[in-house]
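K.L.:
So you can see what is in the structure, the chains are spelled out below.
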Amino acid sequence: MSIRVNPGFIKELTKYGAREWNACFHCGNCTAVCSLTERGILFPRKEIRAIQMGLTEKLASSPEPWLCYYCGDCSENCPRDANPGEIMMSLRRYLTSIYDWTGMAARLYKSYAAHLWFMIFLFLAVIAAFVVFSRIPDSPEVKLNTFAPVHIISLLDHILLIFLGSFLITNIINMYVKIIIKDKTVKIPVWLYFKEAWNAIFQFATQWNITKCQRNNWYWFGHWFLFTGYILMFVMVIFFLDWFQTEEIHPFYHPQRILGYYVTAGFLFATIYFMIGRYRKKKEIFKYSHHSDWIFVVLLFLLAFTGIFIHIFRVNGMALPTYYAYVLHLAVEVPMVVTFVAFSKWSHLAYRPLAIYFAHLKKSARALQEKNKIEFVTQ
Amino acid sequence: MSGKRLTGVYFAVYSNGSECEIDIDQLIEYTRQIPGIGIIWNGDLKQTMQADFIVDEIKKHNLDRIVLAGDEPGIVKPLFSKAMVLSGKNPEDIVLAGFNEYSIKSNKDLDRAKAIIYCAALGVPFENVALPSEAEVHTDTLVIGGGIAGIQASLEIANSDHKVYLVEKTGTIGGHMAMFDKTFPTLDCAACILTPKMVEVGQHTNIELMTYCEVIGVEGVPGNYKVRILKKARRVDLADCIGCGICSEKCPAKTVSEFDAGITLRTAIYIPFPQAVPNKYLIDAASCIYVQKGKCGVCVKVCPPNCINLDEKDQEVEINVGNIIVSTGFKVFDAKRVENLGYGKYPNVVTSLEFERLVNAAGPTEGNIKFRSKDKKENWIFSPESDEPKSVALIHCVGSRDENYNKYCSRVCCMYSLKLAHLVKEKIPEAEVYEYFIDMRAFGKGYEEFYERIKEEGVHIIRGRTAKIEERDDQLILRSEDILAGKLIEQKVDMAILAVGLEPREDAEELSKMLGIKQGEQGWFVEANSVDDTVGTFTGGITIAGVCQGPKDIPDAVAQGSAAASRVLQSIIKGKVKKSIKDISLEQIETKVNQYTNIMEGIS
Chain A
1 MSIRVNPGFI KELTKYGARE WNACFHCGNC TAVCSLTERG ILFPRKEIRA
51 IQMGLTEKLA SSPEPWLCYY CGDCSENCPR DANPGEIMMS LRRYLTSIYD
101 WTGMAARLYK SYAAHLWFMI FLFLAVIAAF VVFSRIPDSP EVKLNTFAPV
151 HIISLLDHIL LIFLGSFLIT NIINMYVKII IKDKTVKIPV WLYFKEAWNA
201 IFQFATQWNI TKCQRNNWYW FGHWFLFTGY ILMFVMVIFF LDWFQTEEIH
251 PFYHPQRILG YYVTAGFLFA TIYFMIGRYR KKKEIFKYSH HSDWIFVVLL
301 FLLAFTGIFI HIFRVNGMAL PTYYAYVLHL AVEVPMVVTF VAFSKWSHLA
351 YRPLAIYFAH LKKSARALQE KNKIEFVTQ
Chain B
1001 MSGKRLTGVY FAVYSNGSEC EIDIDQLIEY TRQIPGIGII WNGDLKQTMQ
1051 ADFIVDEIKK HNLDRIVLAG DEPGIVKPLF SKAMVLSGKN PEDIVLAGFN
1101 EYSIKSNKDL DRAKAIIYCA ALGVPFENVA LPSEAEVHTD TLVIGGGIAG
1151 IQASLEIANS DHKVYLVEKT GTIGGHMAMF DKTFPTLDCA ACILTPKMVE
1201 VGQHTNIELM TYCEVIGVEG VPGNYKVRIL KKARRVDLAD CIGCGICSEK
1251 CPAKTVSEFD AGITLRTAIY IPFPQAVPNK YLIDAASCIY VQKGKCGVCV
1301 KVCPPNCINL DEKDQEVEIN VGNIIVSTGF KVFDAKRVEN LGYGKYPNVV
1351 TSLEFERLVN AAGPTEGNIK FRSKDKKENW IFSPESDEPK SVALIHCVGS
1401 RDENYNKYCS RVCCMYSLKL AHLVKEKIPE AEVYEYFIDM RAFGKGYEEF
1451 YERIKEEGVH IIRGRTAKIE ERDDQLILRS EDILAGKLIE QKVDMAILAV
1501 GLEPREDAEE LSKMLGIKQG EQGWFVEANS VDDTVGTFTG GITIAGVCQG
1551 PKDIPDAVAQ GSAAASRVLQ SIIKGKVKKS IKDISLEQIE TKVNQYTNIM
1601 EGIS
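From first to last, the protein sequence lines are chains A and B. Just so we're aligned: 318 in my numbering is position 318 of the first sequence, and the numbers increase by one with no gaps anywhere. Just so we're aligned: 1314 in my numbering is position 314 of the second sequence, and the numbers increase by one with no gaps anywhere.
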């Protein structure tokens, strides 16, 4: 098999944040110091080699960059200050954009301005929609469901879900094709798909691998708290919006309120922790922030922040402020969901567990192939 | 002026301000005043540029000559050569004014940079005008540091019937080489080469050996330096001590032996090693009970020639010398700094220098490779009774080629690691030996062949840096990536040897200030020219030799010792020594250049 070297590739990757890629002299320190590498699953050096040679197909078929949680051990111990951790991070951005067949992800990642303007456009569009279609109720009491009828909001939610979901699913299929189908060196028996699924589901639900590498478990906690909060929010908004968005004010121990508080706490804790980290730049993971990182965390924070205000105003019966806060809440949520879920950082929610799944599939399949080969030889 | 050839001066600085911190604007300002300049250009010059733009420049400004000024202007010379040819000019008319070549790094050296540009612009070689004047030379020479480079230099000069003062900080000469078991690539016994030389130094009538002494002050001018030397109290009379060793046998105070790299103990009154020169005892004040607490004095009571004076005080002496050779050597990298490798935490992770003493026949186990084990007092020692390791790993580049510690390559570790691998195989033939390297630097005569030989001996040589060492069930587990096989390996071994790099000594800075010589970015002393004058300095009468100039192996250190000696002998034979180049002022250089050009114009 011939390999096509593409020295121009690195220019492309630097747009996703890669730097110092050329400093690497391939000592393998990063791979060896990493707590998550194992036999058959090697990164970051192997990927850096592929970057240096511009082996785009090899990179596209590598699930490994997703296995990295960016603890920074590799960057801290790198004898060349080549920053392998950050290279892995930019590879994840790059991979997101090549899984995405629409080209949207690439545009958002490469240009801060494009990302910002697109979001401002969506932000204003949501406000405009409310201005045009919504009427403020005459009642002095809070009538949120008159202002924004829950069935209409729910309908719009479902439309958005189908719209974005179709992009995300096609991107995932694209990812599967690139990682599994196009890689002719490994053939995966069907039963392996079942065997390896449990680990992927476990990792999806717990993100347990972070605890192996982050010396500070607060990071894991923040990450997981945010993740569970988001999933709960998603389930509530998509399936139980009429239970969640009610006129009735429940007592504070009511499950609806407790759930809301949990989600808000998760969002606030994680985003504030991440923002402080990114501002201080002390931990490796927070040292180099891409614009997508900042926009993402700030939007999540604003989402929680506006949510809190809706709640306060609503509970205190302040009708007008509730409506305004509600409009702002949606005006933040829509750009966040549209730009991030299928085309940017948030998509790692799907890609990462799948990559863990694919990586282990390939690893086990390779091990089987090796074993068969040896048996064949010994016969 | 029409007949005059115009010169274009192009500034090109590459190191992004990290190393070369020269104020280019001041240089441009200065360059404007030089006659015959057609254009001064300061901008982003790159190798990859098209020559067309320079051809246009040459035609537009009617340039006949080009001066390329900057830290490393040679980089863009090919570009300008091409442009000169394309515009029908002589490509030989390109002159480089390189700052790095003359160690110009900051604005302190601005005048030097100006002088170089002035010379280049007027077409006069800098070397021809920047000739330092000469001074009468005192024929005595001081050599600082009694390692192999200093020994070699001292012997070369002394054998030419000139007086040498050899000042050594410790109690014996020999330096690091004395600690080594074998030399690479020939596997000669290091002591067999070194000790005859040491003895020769000790007996030479032209060498005044000053061990346990330190240089504490240097005054005067090139050719006549007044050097103050601190004679630290040895507390044993050098003339009377017969080296019987009874004092040491009775001495109750124990401390770690520097000579054995800390793996054995010595007494407070000691001789650094049996072949030490001078072969006389001395007392280490820091561990002597009498010096510290005022009572003991056992050694005084037992000494047969009665030559111990525990109350001896440090003395200062002053000597006059014409030349000084600096050969102060190095210190080894402190492996504890690399926490992931567990040195200091796991007893059987050892440094190469410790291992060097362990395999030496004079070491604690009579040269047998043994585990470090606990003695009755719970101290970790190498005991002859413990077991032999069955597998040994050698880890290259510990503290070298690493941005977190030292960027440079220490140059000797690859080869000495191969040598140690051989020694393990020689002593324990059934042992498995693993070498983890990043790049194998077998650069010298016979070195590559040695590398091949070690491979044939069955040593597993793995390309990949060991990132972590952990201990599980009394075995060390080394985690690394085998780059060539593309595999992650966790290798179990019994003992790991860290190939620690070389570092400048802590006192190098103090000495450099005392002598007025420069230290480079990494702390090594700066040579006058990194290509053709590696022993000279910018200070007249001071030469450098050995590892203090930069990491090197024994043959190179010896060669530099000889080179430094030849430099000194030159000046002694001529009776003159060159003063420092740095003492010549910009005005002096300008005047000389002008005289020169006037003469040249007169001829033409």
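Check each hint, because a few of them may be wrong.
List of simulated lysine to aspartate or glutamate pairs, EDC-like, C-alpha gap at most 16 Å [unchecked claim]:
id, chain 1, residue 1, chain 2, residue 2
1, B, Lys-1226, B, Asp-1140
2, B, Lys-1301, A, Glu-38
3, B, Lys-1082, B, Glu-1101
4, B, Lys-1082, B, Asp-1111
5, B, Lys-1407, A, Asp-183
6, B, Lys-1301, B, Asp-1237
7, B, Lys-1345, B, Asp-1334
8, B, Lys-1487, A, Glu-247
9, A, Lys-283, A, Glu-76
10, B, Lys-1487, A, Asp-81
11, B, Lys-1331, B, Glu-1587
12, B, Lys-1345, B, Glu-1471
13, B, Lys-1232, B, Asp-1311
14, B, Lys-1468, A, Glu-370
15, B, Lys-1169, B, Asp-1553
Calculated directly from the structure, the hints in this document are not laboratory data.
K.L.:
Which numbered hints turn out to be false for this structure?
P.N.:
2, 3, 4, 5, 8, 10, 11, 14, 15
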